[in-house]
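**Student:** As a plain string of letters, each chain reads:
There are 2 protein chains.
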Amino acid sequence: MIQIAVMGYGTVGSGVVEVIEKNKEMVNKKSAQELNVKYILDLREFPGDPYEDKVIHDVNRIMEDDEVTVVCETMGGLKPAYEFTKMALTRGKSVCTSNKELVAAYGPELLELAREHSCNYLFEASVGGGIPIIRPLNYSLTAEKIEAVTGILNGTTNYILSKMETEGADFDSVLRKAQEKGYAERNPEADVEGYDACRKIAILSSLMLGKHVDYRKIYTEGITKITGDDFVYAKAMGKTIKLLALSKETPQGAIAMVSPFLIDLTNPLHMVNGVFNAVCVRGNMLGDSMYYGRGAGKLPTASAVVSDVVDCARHQGKTVMCFWDREEAVLADPGQVERAFFVRAKADGREQVSRAFPGGSFVEAGRTRDCGYLTPVMKEKDFAERYAALGDAALGRIRVEG
Amino acid sequence: MIQIAVMGYGTVGSGVVEVIEKNKEMVNKKSAQELNVKYILDLREFPGDPYEDKVIHDVNRIMEDDEVTVVCETMGGLKPAYEFTKMALTRGKSVCTSNKELVAAYGPELLELAREHSCNYLFEASVGGGIPIIRPLNYSLTAEKIEAVTGILNGTTNYILSKMETEGADFDSVLRKAQEKGYAERNPEADVEGYDACRKIAILSSLMLGKHVDYRKIYTEGITKITGDDFVYAKAMGKTIKLLALSKETPQGAIAMVSPFLIDLTNPLHMVNGVFNAVCVRGNMLGDSMYYGRGAGKLPTASAVVSDVVDCARHQGKTVMCFWDREEAVLADPGQVERAFFVRAKADGREQVSRAFPGGSFVEAGRTRDCGYLTPVMKEKDFAERYAALGDAALGRIRVEG
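Protein sequence lines correspond, in order, to chains A and B.
First residue of the first sequence? That's 1 in the numbering used here, and the numbers climb one at a time after it.
First residue of the second sequence? That's 1 in the numbering used here, and the numbers climb one at a time after it.
To be clear, the hints were calculated from the coordinates, so they are not data collected in a lab.
Every value quoted in this text rests on a predicted model; they were computed, and no experiment measured them.
No false leads were mixed into what you were given.
Since the list can't tell identical chains apart, any single copy or any two copies may satisfy a pair.
List time: in silico SDA-like cross-link candidates among lysine to any residue, alpha-carbon distance up to 20 Å:
id: 1; residue 1: Lys346; residue 2: Pro358
id: 2; residue 1: Lys24; residue 2: Gly287
id: 3; residue 1: Lys24; residue 2: Lys211
id: 4; residue 1: Lys163; residue 2: Lys235
id: 5; residue 1: Lys29; residue 2: Phe323
id: 6; residue 1: Lys225; residue 2: Lys235
id: 7; residue 1: Lys318; residue 2: Asn138
id: 8; residue 1: Lys225; residue 2: Ala394
id: 9; residue 1: Lys24; residue 2: Phe323
id: 10; residue 1: Lys217; residue 2: Glu338
id: 11; residue 1: Lys318; residue 2: Ser118
id: 12; residue 1: Lys235; residue 2: Thr266
id: 13; residue 1: Lys248; residue 2: His270
id: 14; residue 1: Lys24; residue 2: Asn138
id: 15; residue 1: Lys22; residue 2: Glu147
id: 16; residue 1: Lys29; residue 2: Glu249
id: 17; residue 1: Lys381; residue 2: Ser354
Same shape as in the complex, but just chain A:
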């Protein structure tokens, strides 16, 4: 029997208890033993909750109970999750988490602590919700040299962009509707500014490179400047606009970035609509493979946490392999990366734009209010300088992927 403590009885934590109960037979079979939730740690009381009697408020009861061998950390945030996780791992209790902030910030340290104490720190739920992606990277694509990871890792922004595309609406109005429906937070900054996707790509990039990618050093741009007009041009080019979180080996070194991109309809990520997430992994033998599913939500995320618990049950006393060293990965200067850009400018700025980016071409979308222009492939840095020089004539610019 595996005794489990759940720390944080919010959406994901209560989902974990629900998944273990509802899929009891399956989960116990896959673990080759019974899983039992012994404690639920939360500051709050839950009168009337079916698991009311398991709720405790003192973390030490978990830490001091030697029967508890697996802890699910579903609190989120750094404090006190970081402290509690270290306490558990130091006592040889495995920790399974959905907390992307903590994994991105302290992943290598906590993995090391787990190794030192022959237990596990697993975080399948921290990226892509219920989509298996961490385990495929660690267990499945082991014969590959991973060259690139490109993901749609935030459901809120993907929902907003999908709606802007299909309804021709502008960012603000779609955001408001998404908030009304509960698809976006009242304070949407972490999603729409790309901070959430940034933590997630930091985790995937670290696993790809085997070294620590500091999320604070990842260039991150959100979707607030994307307009309905941009989608008109995207359509005219046979493309769509997605917020991509990507990490790539380039001749200039590894790059990692979160930004809206124009992508082709042949890119498998183009069909990822609404709140769905997907991660495309390019290996040097396999080429592209893609993992797609629900990137958030109570039960999908909880399912991933419980799959980690099953993994702990299967590997008691043994630390499963995860290559993510403390050594910091050196990222290339994003300014040196080369790509094409789409520029939208005022109608009377046509000449200025074509002079600024010779060798590109105008995108014909039958519009008179503005003009759209596709630059040739050029360095980010050079583009940025010349774009800035357009001054008032410029209405927006979007990176082009591929």
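Chain B: place on chain A using the hints.
**Tutor:** Frame of chain A, contents of chain B only:
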């Protein structure tokens, strides 16, 4: 050091040697030890091949060499692969295979033999080429009750259907071109009649149900009767036609089937074009997740075999879990399954069709040569009877998914 023998130096076998050599650093790191190909078993000689000196013709040299702990079976077919695999497992040598025929026919027996001798029988490469699907089912979706698995599991037929759709061409002419390009075999029966997909869905169904699904009991229909005309109607309905291999829990029991289906453009499988494969897995907590990539080819398939070798290296002396009992799964009578059907009939058969399937509707595609009709949801058995009664008026029928 893990000493490996490769049995069968054809496309996949030579790919295995190539992947181990090219990605040596990565593969050794992920295995936490060095992998070395000691023997290559084949009937042929390979003069001038860089691994010529490893080529042997006597399987006993592998079996009698205690240093060899992992065998890659990339011979294909049942004979002598079945015998050789049993010999290896009985000696405690793990076997990693790409051989779907053998896995579908003798999977549970060989898994049992591996358990008895504390080694492993792994077959990631047998389904979906390089797409990780076996391991996600066995290791990742462990907190799910899997309710359905639906796949595009054959690249040749998917390539043909994609071409028929985009070029409006008929089956025969596209097949001929595919054969010229090497995308289809000179004897294409195993692909176009669905036999290849049938073996693969038998394997996935068995893993889903934990019991043995006999591939000979899976209803299997190929794509030879699909015409360019069908795609005109598919488009008018906002659908496309795919050869699906599926396995589902239904109120009538589990069903498994290979057949062309009309699917909606909202189905994530609709965008799987050309030689790509994908598997959509529905879990009771996670909902739909999808795994997409190259379903065939030398290096992708070899990469999957090598990932199995890495798994063996990580679990020496230990059998990793795989739930696939010898007990045969009871499949429901396919005739009792309910769904809608698309019927194409002669233009003067309109009245006959609408009388045969009351409650359906004609599909307007601006055609005069024939007519298209969508039946209401009905039992397969009832449909088959009434469709047969249409006689010469009927030109074809396709199942509708979802």
